[in-house]
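There are 4 protein chains.
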Amino acid sequence: MSIKLLLTGGTIDKAYNESNGELHFVDTHIPEILQQGRNRSEIEIEQLMLKDSLEMTEADRHLIAAACSDSKQDKILITHGTDTIVATAKSLAALNIDKTIVLVGAMVPYVFKHSDAVFNIGVALGALQALQPSVYLAMNGKIFHWDNVVKNKQLGEFQEL
Amino acid sequence: MSIKLLLTGGTIDKAYNESNGELHFVDTHIPEILQQGRNRSEIEIEQLMLKDSLEMTEADRHLIAAACSDSKQDKILITHGTDTIVATAKSLAALNIDKTIVLVGAMVPYVFKHSDAVFNIGVALGALQALQPSVYLAMNGKIFHWDNVVKNKQLGEFQEL
Amino acid sequence: MSIKLLLTGGTIDKAYNESNGELHFVDTHIPEILQQGRNRSEIEIEQLMLKDSLEMTEADRHLIAAACSDSKQDKILITHGTDTIVATAKSLAALNIDKTIVLVGAMVPYVFKHSDAVFNIGVALGALQALQPSVYLAMNGKIFHWDNVVKNKQLGEFQEL
Amino acid sequence: MSIKLLLTGGTIDKAYNESNGELHFVDTHIPEILQQGRNRSEIEIEQLMLKDSLEMTEADRHLIAAACSDSKQDKILITHGTDTIVATAKSLAALNIDKTIVLVGAMVPYVFKHSDAVFNIGVALGALQALQPSVYLAMNGKIFHWDNVVKNKQLGEFQEL
Chain H
1 MSIKLLLTGG
11 TIDKAYNESN
21 GELHFVDTHI
31 PEILQQGRNR
41 SEIEIEQLML
51 KDSLEMTEAD
61 RHLIAAACSD
71 SKQDKILITH
81 GTDTIVATAK
91 SLAALNIDKT
101 IVLVGAMVPY
111 VFKHSDAVFN
121 IGVALGALQA
131 LQPSVYLAMN
141 GKIFHWDNVV
151 KNKQLGEFQE
161 L
Chain S
1 MSIKLLLTGG
11 TIDKAYNESN
21 GELHFVDTHI
31 PEILQQGRNR
41 SEIEIEQLML
51 KDSLEMTEAD
61 RHLIAAACSD
71 SKQDKILITH
81 GTDTIVATAK
91 SLAALNIDKT
101 IVLVGAMVPY
111 VFKHSDAVFN
121 IGVALGALQA
131 LQPSVYLAMN
141 GKIFHWDNVV
151 KNKQLGEFQE
161 L
Chain Z
1 MSIKLLLTGG
11 TIDKAYNESN
21 GELHFVDTHI
31 PEILQQGRNR
41 SEIEIEQLML
51 KDSLEMTEAD
61 RHLIAAACSD
71 SKQDKILITH
81 GTDTIVATAK
91 SLAALNIDKT
101 IVLVGAMVPY
111 VFKHSDAVFN
121 IGVALGALQA
131 LQPSVYLAMN
141 GKIFHWDNVV
151 KNKQLGEFQE
161 L
Chain R
1 MSIKLLLTGG
11 TIDKAYNESN
21 GELHFVDTHI
31 PEILQQGRNR
41 SEIEIEQLML
51 KDSLEMTEAD
61 RHLIAAACSD
71 SKQDKILITH
81 GTDTIVATAK
91 SLAALNIDKT
101 IVLVGAMVPY
111 VFKHSDAVFN
121 IGVALGALQA
131 LQPSVYLAMN
141 GKIFHWDNVV
151 KNKQLGEFQE
161 L
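Residue numbers (our numbering), protein chains in the order written: chain H, 1 to 161; chain S, 1 to 161; chain Z, 1 to 161; chain R, 1 to 161.
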């Protein structure tokens with residue numbers, strides 16, 4: 001397998017809870033996205049957690065960092081909630097791992113008709129295979145370097161600093 | 001605008017013709033795909049033609065080549081039918097243009113529920129922004145160099161030679 | 001117009017709130033559903049409210065009842081949240097209005113890929129045009145008389161008593 | 001089972017043929033539609049054929065008629081191509097079977113994002129359960145009696161005579 005895909009949850013993987021009408025985590029939809037895209041890249045998926053990124057702890061970030069360090073693959077894709085995705089990117093960059101790491105999320109969960117999830121995963125996967133080692137973020141059809149990106153919460157999109 | 005997007009048609013942009021139950025070209029769906037992906041990359045779209053790639057002529061390929069040479073942008077995305085996409089990639093590579101050119105298509109038109117179009121456009125757009133100048137093809141979640149790719153018609157997917 | 005369509009909200013019309021990741025009401029999706037179904041039945045739409053049915057008050061039910069009584073049409077479709085749809089059906093039946101009234105909702109909002117909304121609106125609209133005057137509920141592909149239906153919350157479906 | 005569902009094919013059940021880019025029949029999507037609608041009506045499905053209605057022969061119509069006569073259920077839903085659905089409705093009406101028969105189709109196959117299939121099946125199923133014995137056609141959100149309907153090919157919709 002040439003690519004490692006680490007799942008941590010975030011908006012992209014939220015599902016509808018019929019019993020209370022809220023969104024929650026049940027299972028990941030990423031394999032479904034890859035299948036819809038008829039993906040043939042060799043990807044080894046590892047689910048670290050399924051969490052809202054606002055609830056992500058230091059322990060969670062250590063887990064993600066360890067998974068990046070330990071992976072046999074030097075190309076790593078990470079799904080992540082958008083609220084703290086920049087913070088996690090920074091914490092990974094601080095480790096100076098000699099691998100290409102791309103973090104990606106979605107503004108609208110995959111289960112909605114108007115979700116940006118499939119597009120975003122595509123952008124991230126395409127960029128991952130071509131980028132030099134470092135830590136990046138793929139959102140809004142753009143590739144951001146970890147030290148030059150911020151989430152504009154009012155617009156609901158990511159921007160360069 | 002930092003990216004040029006040349007539309008030539010292909011399966012990705014075919015639509016349903018209600019009057020005869022066949023597929024035909026009406027208008028492109030690529031702007032809709034970019035909107036669903038909440039794209040904020042600067043992309044200048046130019047529609048060269050909307051053709052089945054089996055009907056593409058030498059004159060059409062000259063038109064595509066000229067558009068690549070003439071574009072102010074050095075990053076060019078081209079939508080193209082999958083049947084002759086490799087041939088067009090080769091003809092563009094022969095020009096030795098010092099730009100990054102990524103060709104992309106789909107096995108199933110965008111208008112179908114199970115289409116690979118949104119994912120493929122994402123992969124191509126992500127790769128385009130990170131790749132060195134040359135000619136590439138983005139399909140099946142992979143980035144192929146123009147001289148190392150073939151369409152396996154039986155499997156309906158692209159493979160390295 | 002031969003059919004009156006009263007909108008009251010409910011799960012069927014909930015939308016995704018990107019700023020907090022919760023579901024809320026913005027605007028109705030019912031016209032979109034009718035358009036997708038290429039509907040040509042004459043339907044006059046009146047939006048009474050967009051509410052979660054758990055928050056529906058006696059005053060709201062009086063409003064619905066008044067709209068039913070006042071409508072020029074003798075065929076009335078009502079969208080409603082599923083949690084108290086049976087209670088509203090009963091309150092309308094108590095009025096003995098000589099019109100055909102069909103209440104309908106959804107277990108999953110229209111904006112989700114796996115929503116039952118389009119199917120349910122279809123079932124309700126088809127039944128409405130054929131049923132004798134009284135009050136009915138259309139869910140799960142079935143037509144229930146108002147006095148013979150209950151929501152099984154565990155299964156998330158409606159059943160005869 | 002209280003409802004018999006006879007499948008004959010038609011636009012509603014056409015699928016995309018990746019090898020030649022045309023539409024063809026592979027398998028029915030009707031069970032998928034009923035599942036999306038969370039249907040709990042007892043429906044016994046019988047697939048008589050999967051044919052474009054322009055290719056339907058007298059022998060095919062005899063097969064449909066026999067299936068209607070022989071069914072234990074007195075409520076029968078028939079999926080059918082729209083080009084000759086009116087002709088089949090007339091041939092069934094001539095049999096004077098004492099059952100409620102509703103024919104239904106779609107202008108756009110279920111596999112397309114903008115298909116009217118789910119809505120139409122809903123309308124037909126709702127009407128079927130409420131109509132008196134006779135032969136009907138459900139399209140465009142309307143219920144037509146077999147002797148008062150024509151397909152307007154220019155508009156792509158069904159109308160009263």
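The hints are simulated quantities; they were obtained by calculation from the structure and are not laboratory data. Among the hints, a few may not be true.
[Claimed, not checked] Computed Cβ-Cβ distance ranges for the label pairs, DEER-style: (1) L95(H) to F25(R): 30 to 40 angstroms; (2) S69(H) to F25(S): 45 to 55 angstroms; (3) L161(S) to D147(H): 33 to 43 angstroms; (4) L95(H) to E55(S): 26 to 36 angstroms; (5) Q132(S) to L54(Z): 49 to 59 angstroms; (6) L161(S) to E42(R): 48 to 58 angstroms; (7) P31(H) to E32(Z): 25 to 35 angstroms; (8) E18(H) to K153(R): 39 to 49 angstroms; (9) A59(S) to L48(R): 30 to 40 angstroms; (10) E42(R) to P31(H): 26 to 36 angstroms.
Don't be surprised by glycine CBs; every beta carbon is placed ideally from N, CA and C.
Results of checking the hints against the structure:
For the pair L95(H) and F25(R), the beta carbons lie near 55 angstroms from each other, so the given range of 30 to 40 angstroms is not met. Distance hint for S69(H) and F25(S): a CB-CB separation of about 50 angstroms, consistent with the stated range 45 to 55 angstroms. The given range of 33 to 43 angstroms is respected by L161(S) and D147(H), whose C-beta atoms sit roughly 39 angstroms from each other. Distance hint check: the CB atoms of L95(H) and E55(S) are about 53 angstroms apart, inconsistent with the given range 26 to 36 angstroms.
Separated by about 58 angstroms at the C-beta atoms, Q132(S) and L54(Z) satisfy the suggested range of 49 to 59 angstroms. Range check, L161(S) to E42(R): about 56 angstroms between beta-carbon atoms, so the 48 to 58 angstroms window is met. About 30 angstroms separates the C-beta atoms of P31(H) and E32(Z), a value consistent with the hinted range of 25 to 35 angstroms. Look at E18(H) against K153(R): about 42 angstroms separates their beta carbons, and that is inside 39 to 49 angstroms.
A C-beta distance of roughly 50 angstroms is found between A59(S) and L48(R), which places it outside the suggested range of 30 to 40 angstroms. Restraint check, E42(R) to P31(H): a C-beta distance of roughly 34 angstroms satisfies the suggested window 26 to 36 angstroms.
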